[in-house]
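Using the sequences and the hints given, assemble the complete structure.
Below, each chain spelled out in residue letters.
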Amino acid sequence: MQGADKPTLDRRTVLKLSGAAGVTSLGAIAGCLDDPTSDEDGETDEIVITQGQFIETPDPNDHITGPYFNIFDQIYEPLFNVTPDLDIESRVVTDWEPTGDGSTELTIRDDVQFHNGEDLVASDVAFTFQRMIDDEVGPISDQAAGLGAIEGAEAIDETTVRVDYGDAAPSLAEYQFGNYGRVVKEDWVGEQETQEGAIIGDSADAFNGTGPYQVVEYEPGVEIVLEPFDDYWGDEATFNTVTFNEDTESSGRVSALQAGETDLVDNVLPDDVSTVDEADGIEIRNETSLRSIFLVMKNGVEPFDSQEFRQAMNYAVDNQGIIESILGGFGEPMTQMHSEGIFGYNPDLDPYEQDLDEAESLVEESGYAGAEITLHAPEGRYLNDASVAQTAADHIDQLENVDCEVNLRPFPEISDGASQPYDDDGIPFFLIGWGVITGDADYAIDPWINPDHPLETFRDEDAFATLEESKAESDSDAREELLQELNADLRDKAPFVFLHSQDSIYGVNQDLDWEPRRDETIYLWDME
Amino acid sequence: MPLGKFLIKRLLQGIFVIWGVVTLTFVFRAISPGDPVNMIVDQRASQAQREQVRENLGLNEPYYVQYYEYLQRMVTGDLGFSYREGRDVLPIVLERVPATIELAIAATIVALVIAIPLGVISATRRNEPADYGATLFSLVGISTPNFWLGIMLILVLAVEVGIFPTGRRPVALHDALWLFLTTFYVGDLLTWVKHIILPAIALGTYFTALITRLTRSGMLDELGKPYVTATEAKGLPGVLIRYKHVLRNTMIPIITVLGLQLGTLIGGAVITETVFSWPGLGLKLITSIRQLDWPLLQGIIIFIGISFVVINIVVDGLYAYLNPRVIEE
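Here the protein sequences come in this chain order: R and Y.
Heads up: the first sequence at position 1 corresponds to 1 in our numbering, and the numbers run straight through without jumps.
Count along the second sequence from 1, add 1000, and you get the number used in our numbering.
Treat the hints with care, since some could be wrong.
If we take Cβ atoms under 7 angstroms as the criterion, some of the chain Y residues that face chain R in the derived model are [as the list claims (entries may be wrong)]:
| id | residue |
| --- | --- |
| 1 | N1038 |
| 2 | A1048 |
| 3 | G1086 |
| 4 | T1166 |
| 5 | K1225 |
| 6 | K1244 |
| 7 | H1245 |
| 8 | I1289 |
| 9 | L1292 |
What the hints contain is simulated information worked out from the structure, not anything from laboratory work.
Ideal Cβ placement from N, Cα and C applies to all residues, glycine included.
Okay, here's the thing in structure tokens:
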């Protein structure tokens, strides 16, 4: 650059000043606003809850997803209080009595108001049930699967609803209608914009429940802000402002918790647990969930048609070892088709414990020595699923007389294979997870052994007969006994390699007084 | 060739590209393993529910019928229906677009503010420490994966130092601006700025490095040309020569790259949006993949494809307008 002027000093000065101004501006921008989630005095009158999944629809009767219910329950409130032991207690429904002719009458409180000021009446409750089970009335709802025994509902008068379930046992119906029923106002739904029967909307106006909190801001996919509903019939709300938002990454949720931007995060991965443990002011809280992980074996396909072979697979796998090594200890070995706390759980059953000699001997007995099997597993669908599958397959492969390899494949392929008949040999051995959302063993067992269900993978007439008997047993104790008996029978028949019930792991602000529940539900009224 | 004819030609090419994208998304769904219904409904769904969804989506029809109906819907702007979200795909996509555009523009601004002065300094101080520094910065910037940079920015500046939030977008720019313009309330605008700085840096770093290099090489080319010597001989100040004459000529290719990169930024914000929970198209794309929401996934890909084509046509048009030799060639 000969010949050109070099006003270097001036330009440098300008650049320095510009840089300093830039940094100062950034600092000013960064510092000029307080963190919106924290109070100056440190008092917790507002709370932020960050979930891995956010609601995608404002319709409370459409999907069957736990994180959705955590949001909807504060706004729409459950009809019943579901206790941590999964029993139901009075709430909006004050009393319920089976009539003895295939229905139960629910008595509704007469002082319940929707957020728009209208009264809740029995016909709203009946309409809500119809909406979930009949896609002519509402959307094609996933919740219909949890209400399998419910045939319909009808208002008898202003405060009485009759729920019909035909030949099904009252206690089975109770577990189903007791867990669903986020009531919507029929007239209000009629005024809403809907698509395929589901309420749509992108503002606070798309919500109208009877719960202790009402929606003041809603930005789809981003956040929903709640404030107490002044005319709520029950106890005063604990928090002045509640915000639910989403971060799909476990590490992102943990960073937000560390930075004090949120007070509670769900679904912390075991790899991130130590980060929370080592940070000040936050901690891990966990509880064994109702979600179990297992390896399905279709008994219409060789070698899984042999009970001895299926038992051998159970003896080959070291469940406790997988929990310790892959899940960081955050799980419990399965002893039966579902985890503890579910109605029908059999406390007398023990998990299969690894016994390679016994496993090899059972394989010999089965006549399938030398079998070569493939375990199909998804990756990223469940907690460390690929590692769990690989380890389980390695354990099986240790047997002298069985070769086992893993085939990781997209979940749709697994789901597709699971939906094929029980004797379809496309994907006869696969890893899958199942959450028992109704709290009743029927929900855990029926799909797998019911010949009418798309997911039937295990055909056994005796087991299915016992299940059918339990469905119709009106005495609750006798029904529980039948389900426990069925669980014991199925443990021996081993339709699955029973793996584990995984823990729900939360990162929590230490100041928050709250304990996780087995059903993974977050109720704000349980927090202080 | 007249400009109008040139634009029509580019438009027709663009339509062909969009048709290709639409067709590919259909083919990918068709050849993907598994029953599409199983990807849409909950695994607990009954056989009756599965059949209902199959019928509603026309999945009982042969592929050529499905493809024809699919094309018909696309032509009318109907991107399909997301059963996961219970509503049409188009509004879902449209409500996500502003966040992505905000991020892309912010990343571009970050890039320009840093890259152009750096490129000029680098060129005018060739083979001096400033040049080495700028070159090193370019190399590092181009080589650094933006997801890693994003995570590091969060850990250092959000978690440890605590001067920026870890992510999310609590307020939309247009809402914040409207509030500011109508009430002079600046709080929301500052909140937006505070939240976008880290994602914009993470997304814009590669772009910054690229523009720095382009500016440097462009400046070096121009500085050797006779008009520079002539202006120097006339006694014009060096600053004026570099920033008024040389940089202006250097800007033509940079503007072209800017336009093209804007399209890339829109499509490429996927990882950055995920790391920062920035609620744009990219984050939604990842969610739709995780939830196997095929209609939404197809809709987003088609929308990104269309955006890219439109931006390209606009940039080509502008470039042809500014430099008519492009048309003649």
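### Hint check, L1292 of chain Y versus chain R [nearest Cβ-Cβ separation less than 7 angstroms]
The hint holds - L1292 of chain Y has a Cβ within 7 angstroms of chain R, the shortest such distance being about 6 angstroms.
### Message
Holds or violated: the hint that G1086 of chain Y contacts chain R, with Cβ atoms closer than 7 angstroms.
### Response
OK, holds: G1086 of chain Y within 7 angstroms of chain R, min 3 angstroms.
### Task
Return the status of the interface hint for A1048 of chain Y: holds when the least beta-carbon distance to chain R is below 7 angstroms, violated otherwise.
violated, 9 angstroms
#### Entry: When the least beta-carbon distance from I1289 of chain Y to chain R is tested against 7 angstroms, hint result
violated, 10 angstroms
### Task
Tell me if K1244 of chain Y is really an interface residue toward chain R, meaning its C-beta lies closer than 7 angstroms to one of theirs.
violated, 13 angstroms
### Task
With a cut-off of 7 angstroms on the beta carbons, see whether N1038 of chain Y makes it to chain R.
Because about 5 angstroms separates N1038 of chain Y from the closest Cβ in chain R, which is inside the 7 angstroms limit, the hint holds.
### When the least beta-carbon distance from K1225 of chain Y to chain R is tested against 7 angstroms, hint result
Not OK, violated: K1225 of chain Y not within 7 angstroms of chain R, min 13 angstroms.
#### Entry: Given hint H1245 of chain Y near chain R, where the shortest CB pair must fall under 7 angstroms
Interface hint status for H1245 of chain Y: violated (12 angstroms vs cutoff 7 angstroms).
### Message
Let's test the interface hint: is any C-beta of chain R closer than 7 angstroms to that of T1166 of chain Y?
### Response
holds, 5 angstroms
In summary, the structure is inconsistent with hints 2, 5, 6, 7, 8 from the numbered list given earlier, while agreeing with the others.
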